[in-house]
Amino acid sequence: MNTQTRTPLLAALAMAAVAVTATDARQAKPPASKSGAINIPFEQYTLPNGLRVILSQDASTPTVAVNLWYHVGSKNEEAGRTGFAHLFEHVMFTGSGNVPYGLHDKYTSGVGGNNNGTTDNDRTLYFETVPSNYLETALWLEADRMGYLLDSLDIAKLNAQRDIVKNERRQRIDNQPYGRVGEILSSAMYPKTHPYSWSVIGSMEDLSAASEEDVKNFFRLYYAPNNAILTVVGDFDPAQTKAWITKYFLNIPRGKPITRPKIEPATLTAEKRLMYEDKVPLPRLYMQWPSVGAKHPDHVALEVLGPVLAGARTARLTKALVYDKQAAATIGAGQSTSEDTGEFGVFLSPRPGNTLTTLEQEVDAIIEKLKTEGPTAQEIQAAVAPAELNFISGLQSNLGKSNQLADGAGYHNDPGYFKTAYEKRRAVTPDDVKRVANRYLTKGRVILSVVPVGKSDLAAKPEASTKVGEVK
Amino acid sequence: MRRVNSLAAALVLLAVSVPLAQELNRKQLPPVGKSPELRVPTWTTSKLSNGAQLIVSERKGLPLVSFTITFVGGSNQFEKADRRGAAALTTAMLREGTKTRSGEQLALDLQLLGTSVNAGVGGESGSISFQSTTEKFQPTLEILADMMLNSTFPAPALERLRAQRLVALAQANAQPGTIGSRVFSRVLYGAGHPYGQEANEATIKAVTRDDVGAFHKEYFQPGRAIITVVGDVNAAAVKSAIEKTLAAWTAGGDKPSFTYPATPPLRAAAIYLVDKPGAAQSVVSIGIPGPPRNTPDYMALQVMNFILGGHFQSRLNANIREEKGYSYGVNSGFTYGKGPGPFRAGGDVVSDKTDVALIEFMKELRGIQGGRPITDEEMTQAKASMIQRLPNQFSSVSAIGSTITGLYLQDLPPDYYQNYAKSVNAVTKEDVLRVAKKYVDLEHLNIVIVGDRKSIEEPLKKTGVAPIVILDAEGKAGS
Numbered sequence: 001m002n003t004q005t006r007t008p009l010l011a012a013l014a015m016a017a018v019a020v021t022a023t024d025a026r027q028a029k030p031p032a033s034k035s036g037a038i039n040i041p042f043e044q045y046t047l048p049n050g051l052r053v054i055l056s057q058d059a060s061t062p063t064v065a066v067n068l069w070y071h072v073g074s075k076n077e078e079a080g081r082t083g084f085a086h087l088f089e090h091v092m093f094t095g096s097g098n099v100p101y102g103l104h105d106k107y108t109s110g111v112g113g114n115n116n117g118t119t120d121n122d123r124t125l126y127f128e129t130v131p132s133n134y135l136e137t138a139l140w141l142e143a144d145r146m147g148y149l150l151d152s153l154d155i156a157k158l159n160a161q162r163d164i165v166k167n168e169r170r171q172r173i174d175n176q177p178y179g180r181v182g183e184i185l186s187s188a189m190y191p192k193t194h195p196y197s198w199s200v201i202g203s204m205e206d207l208s209a210a211s212e213e214d215v216k217n218f219f220r221l222y223y224a225p226n227n228a229i230l231t232v233v234g235d236f237d238p239a240q241t242k243a244w245i246t247k248y249f250l251n252i253p254r255g256k257p258i259t260r261p262k263i264e265p266a267t268l269t270a271e272k273r274l275m276y277e278d279k280v281p282l283p284r285l286y287m288q289w290p291s292v293g294a295k296h297p298d299h300v301a302l303e304v305l306g307p308v309l310a311g312a313r314t315a316r317l318t319k320a321l322v323y324d325k326q327a328a329a330t331i332g333a334g335q336s337t338s339e340d341t342g343e344f345g346v347f348l349s350p351r352p353g354n355t356l357t358t359l360e361q362e363v364d365a366i367i368e369k370l371k372t373e374g375p376t377a378q379e380i381q382a383a384v385a386p387a388e389l390n391f392i393s394g395l396q397s398n399l400g401k402s403n404q405l406a407d408g409a410g411y412h413n414d415p416g417y418f419k420t421a422y423e424k425r426r427a428v429t430p431d432d433v434k435r436v437a438n439r440y441l442t443k444g445r446v447i448l449s450v451v452p453v454g455k456s457d458l459a460a461k462p463e464a465s466t467k468v469g470e471v472k
Numbered sequence: 001m002r003r004v005n006s007l008a009a010a011l012v013l014l015a016v017s018v019p020l021a022q023e024l025n026r027k028q029l030p031p032v033g034k035s036p037e038l039r040v041p042t043w044t045t046s047k048l049s050n051g052a053q054l055i056v057s058e059r060k061g062l063p064l065v066s067f068t069i070t071f072v073g074g075s076n077q078f079e080k081a082d083r084r085g086a087a088a089l090t091t092a093m094l095r096e097g098t099k100t101r102s103g104e105q106l107a108l109d110l111q112l113l114g115t116s117v118n119a120g121v122g123g124e125s126g127s128i129s130f131q132s133t134t135e136k137f138q139p140t141l142e143i144l145a146d147m148m149l150n151s152t153f154p155a156p157a158l159e160r161l162r163a164q165r166l167v168a169l170a171q172a173n174a175q176p177g178t179i180g181s182r183v184f185s186r187v188l189y190g191a192g193h194p195y196g197q198e199a200n201e202a203t204i205k206a207v208t209r210d211d212v213g214a215f216h217k218e219y220f221q222p223g224r225a226i227i228t229v230v231g232d233v234n235a236a237a238v239k240s241a242i243e244k245t246l247a248a249w250t251a252g253g254d255k256p257s258f259t260y261p262a263t264p265p266l267r268a269a270a271i272y273l274v275d276k277p278g279a280a281q282s283v284v285s286i287g288i289p290g291p292p293r294n295t296p297d298y299m300a301l302q303v304m305n306f307i308l309g310g311h312f313q314s315r316l317n318a319n320i321r322e323e324k325g326y327s328y329g330v331n332s333g334f335t336y337g338k339g340p341g342p343f344r345a346g347g348d349v350v351s352d353k354t355d356v357a358l359i360e361f362m363k364e365l366r367g368i369q370g371g372r373p374i375t376d377e378e379m380t381q382a383k384a385s386m387i388q389r390l391p392n393q394f395s396s397v398s399a400i401g402s403t404i405t406g407l408y409l410q411d412l413p414p415d416y417y418q419n420y421a422k423s424v425n426a427v428t429k430e431d432v433l434r435v436a437k438k439y440v441d442l443e444h445l446n447i448v449i450v451g452d453r454k455s456i457e458e459p460l461k462k463t464g465v466a467p468i469v470i471l472d473a474e475g476k477a478g479s
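Line order of the protein sequences matches chains A and B. In terms of this note's numbering, the first sequence opens at residue 1 and continues consecutively. In terms of this note's numbering, the second sequence opens at residue 1 and continues consecutively.
Hints were generated in silico from the structure; no laboratory data involved. Treat the hints with care, as some may be off.
Claimed, not checked - For lysine-lysine, the following DSS-like pairs were computed, each having C-alpha atoms within a straight-line distance of at most 25 Å:
#  : chain 1 : residue 1 : chain 2 : residue 2
1  : A       : Lys325    : B       : Lys205
2  : A       : Lys443    : A       : Lys419
3  : A       : Lys319    : B       : Lys99
4  : B       : Lys383    : B       : Lys363
5  : A       : Lys419    : B       : Lys34
6  : B       : Lys217    : B       : Lys255
7  : B       : Lys476    : B       : Lys34
8  : A       : Lys157    : B       : Lys324
9  : B       : Lys27     : A       : Lys106
10 : B       : Lys205    : B       : Lys47
11 : A       : Lys106    : B       : Lys34
12 : A       : Lys106    : B       : Lys239
13 : A       : Lys106    : B       : Lys99
14 : B       : Lys429    : B       : Lys462
15 : B       : Lys47     : B       : Lys363
16 : B       : Lys461    : A       : Lys216
17 : A       : Lys157    : B       : Lys27
18 : B       : Lys476    : B       : Lys429
19 : A       : Lys106    : B       : Lys324
20 : A       : Lys279    : A       : Lys216
21 : B       : Lys60     : A       : Lys106
22 : B       : Lys363    : A       : Lys157
23 : A       : Lys319    : A       : Lys443
24 : A       : Lys279    : B       : Lys255
25 : A       : Lys279    : B       : Lys99
26 : A       : Lys216    : B       : Lys27
27 : B       : Lys244    : B       : Lys205
28 : A       : Lys443    : A       : Lys192
29 : A       : Lys467    : A       : Lys443
30 : A       : Lys106    : B       : Lys217
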């Protein structure tokens, strides 16, 4: 999954807010006091126009997070109009019918709070954290751009944001070493028409092609209350807050029914070998397998397989290749879970004197061994032990909590899904991890070597690899 | 799950909501409630028997503890110029094994506790720290003590870490942002000033195991340590636990003096251009050495910078990103420390707008000096934002810990935050104008641009902003 945000200022925060949950599969249930901490109390209701509302009080800091989760992402785009959902996210900050441009920032970051938006394949998120006395203002701002954005949208505003998004693409993708790896892997993993095959930020050509009418139609369909979740977390009075939500959101009309794209899982029957020459000083190897998304039960065991393979010093690939053989400088592995699909990836940077070809074989041998013998109970325990601390520490962030509640509601129809997810991790066994490794880490995969310009011989098995260049 | 039937909920809500929907005037800005009271946490301070200062702030509610030992002084005080990188290698070596645990055992023990111990040394301070659940506090503290006091620094581990670092350095050197910040520091401070130095291939290769041992012995001393514990603890109990667990850490060391060599004499403004052939964007850094944290102008500078480049709708970002669309984001800021940390304004701008972006940067820098008068609204917003964002500094155990520790590191009074709003509100427009003129010295600005020389050099020359000097990626004179 890749994510784009409106401003670089808060990107790290938005990422950090995605809670990681995993737990100890071997130990008995933790004592009551501990499991009691694995909780985010909330209440929820739905307005007649379909807007889902989730409220969670926490008076420990006098701030409130307001989170608007729209069920639209790059997968709702059409080929030839990629980057649209994210471009739209930027447009949402340009003012609306009753809110002149600039007021949104003035009453969030300008009063000691902050705001941002983020778009991924599946959803677009808008959020602000404000001092608690500005909660009504924040609800007014969000309601106005949900209900009245088009009243003030014109082509000039669209063009200005288009330029900024192109700069975002330059800064994060085109001007970064290894920056285009994500979009190369996606386009290799999925067929051209597959909604997960294009990058969230889109191509320069498609960004130029979006018309004012495209934008308006997109808004009317997806930015309707029936496609949104409003989550408020922090220091507020519930009765007063409900009255404000009614006041500002109730008469925004329900939108048309939405047809969701029908998304098939990716299947690769054979290995795809690619090489990409980039302005990089050193080669890197990326391996990626198609796996499953959030609605498939196997994603949980795959998320445990990641830290079993790489990360800590005791993880298999890290121990063997970074510590024992000292053939790699860095190595990573993990499952990336989107709503409908997922990928399992491994990447590594070799140490000088070690070839990608040899390292690929070493990685394969270690993965084969794991597939045969399975992980030990202790490996599973070590991989999932950080879950409790991560969860409890995450409870200190109103924004982090609002993301967990909204994702649960949006993807699993249950704001309390964080608890289910936590318990599912507790239940992962060595056999589960062995099974998913055998099921998903198969020969159908993408192998991508990124090599310095003119050094294609540094790729893993260069003779069997196809050069990739411009990715549209 | 407490899902409420949606129709019933709507009826209930309609009954309590005051205005009817059609009466709502959406143009009307909602009233702002009463400002929430700032709640500054309290803490106790005492000395351990080895001389380390102990700060404890109890915060109940979640079973969570943040523990940090901060050391006054950092790589600028304790690293030799030709051994830059010794501090980072030393802190990394703390994970490589102790008298009773191998590196692998240390990693496994921490993993099974679900915690991690982090150590690092910055320019003027360093720390070793962890966050844990209340239940895992004591066993994690014991591992921290073992790492800090009993590390064995195995020679093969140093070679592995060195090799990894050289790979990471080579990769970082391909990032235009990394090049930009290195050359910027070098241009402002020169190689003879600690602020102009950093680890490079040669210094990393030069660090020996003896250097690591010596750095460890000299640096991790209780005489310069501030231990900060925040969270679900009892102050007295945690003090005795720390005394007991760190019993082998005997007295020694003191706080370093922060005397720095003079910065190089100011030079006439120049554009220092570093070629990055084919770059899609130019990385722009404009600046000059600034004041230390203890400057009496601190609050006025903070207000000035907020207006200039300290928030999304600041003058720089509103103009260069939002209005002109030359960038994904530009900003400005001061790096306050014990010495003359830099003022920097900059950002990444699209290559073929490098010249016009520079003109806009210069326009805003002139503007803040009086060319564009500061409005009442800008002053009000800057002050309100600075004051009302304070709760974020007290929103988590680790944020509270670093906020309190910061007071002691920078020699600020314990009631600093109680008086913060008053100090901010005392800043006048005249103050802002005065500090803008004093610290944003247009005659001597250093403008460092990393970008595609072939396409940007001529247009930059034509701006007439300043003469162009070509530098290489290390900040040395090029051709």
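Checked hints:
no., hint, in the structure
1, A:Lys325 with B:Lys205, "21 Å, holds"
2, A:Lys443 with A:Lys419, "35 Å, violated"
3, A:Lys319 with B:Lys99, "21 Å, holds"
4, B:Lys383 with B:Lys363, "24 Å, holds"
5, A:Lys419 with B:Lys34, "36 Å, violated"
6, B:Lys217 with B:Lys255, "15 Å, holds"
7, B:Lys476 with B:Lys34, "56 Å, violated"
8, A:Lys157 with B:Lys324, "11 Å, holds"
9, B:Lys27 with A:Lys106, "16 Å, holds"
10, B:Lys205 with B:Lys47, "40 Å, violated"
11, A:Lys106 with B:Lys34, "18 Å, holds"
12, A:Lys106 with B:Lys239, "45 Å, violated"
13, A:Lys106 with B:Lys99, "57 Å, violated"
14, B:Lys429 with B:Lys462, "35 Å, violated"
15, B:Lys47 with B:Lys363, "52 Å, violated"
16, B:Lys461 with A:Lys216, "43 Å, violated"
17, A:Lys157 with B:Lys27, "21 Å, holds"
18, B:Lys476 with B:Lys429, "41 Å, violated"
19, A:Lys106 with B:Lys324, "20 Å, holds"
20, A:Lys279 with A:Lys216, "39 Å, violated"
21, B:Lys60 with A:Lys106, "34 Å, violated"
22, B:Lys363 with A:Lys157, "24 Å, holds"
23, A:Lys319 with A:Lys443, "24 Å, holds"
24, A:Lys279 with B:Lys255, "45 Å, violated"
25, A:Lys279 with B:Lys99, "45 Å, violated"
26, A:Lys216 with B:Lys27, "22 Å, holds"
27, B:Lys244 with B:Lys205, "39 Å, violated"
28, A:Lys443 with A:Lys192, "21 Å, holds"
29, A:Lys467 with A:Lys443, "20 Å, holds"
30, A:Lys106 with B:Lys217, "51 Å, violated"
Comparing the model with each numbered hint stated earlier shows that hints 2, 5, 7, 10, 12, 13, 14, 15, 16, 18, 20, 21, 24, 25, 27, 30 do not hold.
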